[in-house]
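Visitor: Make the full structure from the sequences, and use the hints.
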Amino acid sequence: MMNLTMRGRCWKFGDNVGIDGDMMPLEFALKRETNPAVLGPYLMTGIDPDFPKKVKPGDIIVGGKRFAQGNPHIQGLIGISAHGLGLVVESIQRGSYRNAINAGVPFLPNCQGVSAQVETGDEIEVNFATGVLINHTRGTQFQYQPLAASQLEIITAGGWRAQLEARVTAMRVNDLRPSPP
Amino acid sequence: MGQTIAEKIFSRACGRPVKEGDIIYPEPDLVTTHDWYVVNFDKVLQELGIERLHAPHKLLISTDHEPVATSPLAAQRQRQVREIVRKYGIEHFYDVGRGGHGHVFPMEKGFVRPGMLVIAYDIHVTNYGALGCMGIPVVTEISEVLACGNVWLKVPHTVRINLVGQLGPGITIRDVAQKMISLIDVDAADYAAFEIGGPGLASVDFSGRQVLCNTPIEIGAKTAFIEPDQQTLDYLQTRTSEPIELIKSDPDARFHTVIEIDLGLVEPQVAVPPTPDKVVGVSQLVGKKIDHAFLGSCAAPGISDLAMAARILKGKKIHESVRFFVTPSTYEVMSEATVLGYIQILVDAGASITAPGCGVCAGGKIGTMADGEVSINTGTRNDFGRLGAMNSEIYLASAATVAASALVGAITDPRPYLID
Chain A
954 MMNLTMRGRC
964 WKFGDNVGID
974 GDMMPLEFAL
984 KRETNPAVLG
994 PYLMTGIDPD
1004 FPKKVKPGDI
1014 IVGGKRFAQG
1024 NPHIQGLIGI
1034 SAHGLGLVVE
1044 SIQRGSYRNA
1054 INAGVPFLPN
1064 CQGVSAQVET
1074 GDEIEVNFAT
1084 GVLINHTRGT
1094 QFQYQPLAAS
1104 QLEIITAGGW
1114 RAQLEARVTA
1124 MRVNDLRPSP
1134 P
Chain B
682 MGQTIAEKIF
692 SRACGRPVKE
702 GDIIYPEPDL
712 VTTHDWYVVN
722 FDKVLQELGI
732 ERLHAPHKLL
742 ISTDHEPVAT
752 SPLAAQRQRQ
762 VREIVRKYGI
772 EHFYDVGRGG
782 HGHVFPMEKG
792 FVRPGMLVIA
802 YDIHVTNYGA
812 LGCMGIPVVT
822 EISEVLACGN
832 VWLKVPHTVR
842 INLVGQLGPG
852 ITIRDVAQKM
862 ISLIDVDAAD
872 YAAFEIGGPG
882 LASVDFSGRQ
892 VLCNTPIEIG
902 AKTAFIEPDQ
912 QTLDYLQTRT
922 SEPIELIKSD
932 PDARFHTVIE
942 IDLGLVEPQV
952 AVPPTPDKVV
962 GVSQLVGKKI
972 DHAFLGSCAA
982 PGISDLAMAA
992 RILKGKKIHE
1002 SVRFFVTPST
1012 YEVMSEATVL
1022 GYIQILVDAG
1032 ASITAPGCGV
1042 CAGGKIGTMA
1052 DGEVSINTGT
1062 RNDFGRLGAM
1072 NSEIYLASAA
1082 TVAASALVGA
1092 ITDPRPYLID
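Protein chains in written order, with our numbering: chain A, 954 to 1134; chain B, 682 to 1101.
Do not rely on the hints blindly, as some may be mistaken.
Think about it this way: if two alpha-carbon atoms lie no more than 30 Å apart in a straight line, the pair counts; the simulated DSS-like pairs of lysine-lysine are [claimed, not checked]:
#, chain 1, residue 1, chain 2, residue 2
1, A, Lys965, A, Lys1009
2, A, Lys965, A, Lys984
3, A, Lys1009, A, Lys984
4, B, Lys835, A, Lys1018
5, B, Lys835, B, Lys739
6, A, Lys1018, B, Lys959
7, B, Lys959, A, Lys984
8, A, Lys1007, A, Lys984
9, A, Lys1018, B, Lys700
10, A, Lys1006, A, Lys1018
11, B, Lys997, B, Lys969
12, B, Lys929, B, Lys700
13, B, Lys929, B, Lys835
14, B, Lys724, B, Lys739
15, A, Lys1006, A, Lys984
16, B, Lys835, A, Lys965
17, A, Lys984, B, Lys997
18, A, Lys1006, A, Lys965
For the chain A half of the interface with chain B, some residues (derived, Cβ under 10 Å), not all of them [said to hold, decoys possible]:
#, residue
19, Asn1024
20, Gln1046
21, Ile1087
22, Asn1088
23, Arg1091
24, Gly1092
25, Phe1095
26, Ile1107
Since the hints were derived computationally from the structure, they do not count as laboratory data. Owing to the predicted nature of the structure, the values given are computational and were not obtained by experimental measurement. The beta-carbon is built from N, C-alpha and C at its ideal position, and this holds for glycine as well.
Guide: Structure (structure tokens):
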């Protein structure tokens, strides 16, 4: 099971980060590429071409309002999980909210004002189960609303597909399938 | 605290009271998908080792995206769809020549009633909101619904739309719907249920109600539905024998936002590329040459849309440089339009009538656009490349504006053709 606390460097990106172009080249969405190993090296390269080389697992992307906006393609979110990163945003559009869960990205979806409290390079720690964010560089701490337990379960399972496999297995074990008509 | 319509429908589907923001696993009354996602969901189910659907009797499949196969590959896919339908014992399968557009004909055939919950693959299932039904789109996760019976959803906040006033001469509900989504704050619309009511609703016909429920999806709404009324009862009277409840929000229900929309708009509205909410008055575009026009899709689904085009084109010929495709949404609509003489008028004017379904709007499989061409049409979206060449341009407008523009060969204000 994934640890829902992460500690690492903050990478701050501001408002209106787009899914296509900013987070991931559009061509991967059009090709329906979902392999993390393919997508990882392109994460956020529309904004910072060296980003994939600079980040380490446990680092945390901090987005502003309407993070991952646009046509809700999942590729940019898979790119985040490919690097083992966490995500903290002021707001996120519904399609990307679902995609972040489905891609198994630990995130806090509703952190009003967080952009003013952190800077790129700060060492921050986030507990995605409780919603507590600690900025160790500045000695500050904030409380945000975490995801629901059932959503965190999908994320800790590794995303939608892994969770669905587990759900189907459990259904078989518990014989919860409906009887045939 | 009272409940909104969305909270009431989800509470019933969960068997317990739920409220805005709750994460829930509701049991849908109906599940729908179309011809372009059947092979895909079957592949996922096979990988999971699922041999039997959770509720095959609740699944409705429509061949509407590519009813007339345009390649051997498409014909092969249709054959696979038929095999999959047989394998799982899906009784509600509407193949080529049967129902038509899957966001429309299930209402004609009594599958859709007020207060129902429908989960679908394809975002414009919100058309069912025209009968006070809550259509919720999910995408790849439809496989989970088919295997397990449900998938997580968040109970949405509600944006309440109150319609007031009356349509001006030559103005259509499509114009109002396009203006509406350009006015609403995207942050308020995001993951919202649009509940549409108010004193102006009574004057909006069945097609117009579908259009009002269709467009909010383009600005991020989760679902949209009207507050069902006497017109809903009248429409369903001959179509279902099931009991019908006119579901309403409680007087003390909490709405996130309440917006008044005046039907008495000043002029027809046109959405410019590349998003449906980039809307301007038609006067800003009058005279822009077009090559391509299309009347159809779930955003122009009704007999009234064809009636408007027929009224404008009666006894006339469309411009020689324009190709004009007309797709009646369903076989019922096509049949009615034939009886009423609209099809004759459109054919005589030079329109190409295609098989019911999504028509050109489903990615331009038919009636594709070439490099640099300009289209005005009643489709749902106008992304670059949606109907063919990446550098073609798509303008979205009402059936009236599309028909008048096809006649003139350039974007045209339809009002002079509609005012006696």
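Visitor: All hints, please: hold or fail.
Guide: Here is what the structure says about each hint:
For the hint linking lysine 965(A) to lysine 1009(A), the alpha-carbon distance of about 15 Å falls within 30 Å, and the restraint holds. Restraint check for lysine 965(A) and lysine 984(A): the C-alpha separation of about 29 Å stays at or below 30 Å, so the hint holds. Straight-line distance between C-alpha atoms of lysine 1009(A) and lysine 984(A) comes to about 27 Å, which keeps the hinted pair within the 30 Å bound. Distance check on the hinted pair: lysine 835(B) and lysine 1018(A) sit about 20 Å apart at the alpha-carbon level, within 30 Å; holds.
With a CA separation close to 22 Å, the supplied pair lysine 835(B) and lysine 739(B) stays within the 30 Å bound. Taking the CA atoms of lysine 1018(A) and lysine 959(B), the gap is near 21 Å; set against the 30 Å cutoff, the hint holds. Note on lysine 959(B) and lysine 984(A): the hinted pairing holds, with a Cα-Cα distance of about 28 Å set against a maximum of 30 Å. For the given pair, lysine 1007(A) sits about 26 Å from lysine 984(A) by alpha-carbon distance, which is consistent with the 30 Å threshold.
Using a Cα cut-off of 30 Å, the hinted pair lysine 1018(A) and lysine 700(B) holds, with the two alpha carbons roughly 25 Å apart. Distance restraint check for lysine 1006(A) and lysine 1018(A): the Cα-Cα separation of roughly 25 Å lies within the 30 Å cut-off, and the hinted pair is therefore satisfied. Between lysine 997(B) and lysine 969(B) the alpha-carbon distance is near 21 Å, which keeps this suggested pair within the 30 Å criterion. Between lysine 929(B) and lysine 700(B) the alpha-carbon distance is near 15 Å, which keeps this suggested pair within the 30 Å criterion.
A C-alpha spacing of about 20 Å is found between lysine 929(B) and lysine 835(B), which places the hinted pair at or below 30 Å, so the restraint holds. Distance hint between lysine 724(B) and lysine 739(B) is fulfilled; the C-alpha atoms sit about 20 Å from each other, no more than 30 Å. Taking the CA atoms of lysine 1006(A) and lysine 984(A), the gap is about 24 Å. The hint holds against a cut of 30 Å. Between lysine 835(B) and lysine 965(A), the direct Cα distance comes to roughly 28 Å. Compliance with the 30 Å bound is thereby established for this hinted pair.
Taking the CA atoms of lysine 984(A) and lysine 997(B), the gap is near 45 Å; set against the 30 Å cutoff, the hint is violated. A threshold of 30 Å between alpha carbons decides the hint, and for lysine 1006(A) with lysine 965(A) the separation of about 16 Å falls inside it, so the pair holds. Of the supplied interface hints, the one on asparagine 1024(A) holds, with its beta-carbon coming within about 8 Å of a beta-carbon of chain B, less than 10 Å. Taking 10 Å as the C-beta cut-off, the interface hint given for glutamine 1046(A) holds, the closest approach to chain B being about 6 Å.
Look at isoleucine 1087(A): its Cβ only gets to about 26 Å from chain B, farther than 10 Å, so that hint breaks. At a threshold of 10 Å, the smallest CB-CB gap from asparagine 1088(A) to chain B is about 26 Å, leaving the interface hint violated. Evaluation of the arginine 1091(A) hint against chain B yields a violated restraint, the C-beta minimum of about 28 Å exceeding 10 Å. Annotation: glycine 1092(A) was flagged as interfacial toward chain B, and the flag is violated, the nearest CB pair being 32 Å apart, outside 10 Å.
With a least beta-carbon distance of about 20 Å to chain B, the hint placing phenylalanine 1095(A) at the interface is violated under the 10 Å criterion. The beta carbon of isoleucine 1107(A) comes within 7 Å of a beta carbon in chain B, closer than 10 Å, and the hint placing it at the interface holds.
Violated hints, listed in ascending order, are 17, 21, 22, 23, 24, 25; each of the other numbered hints is respected by the structure.
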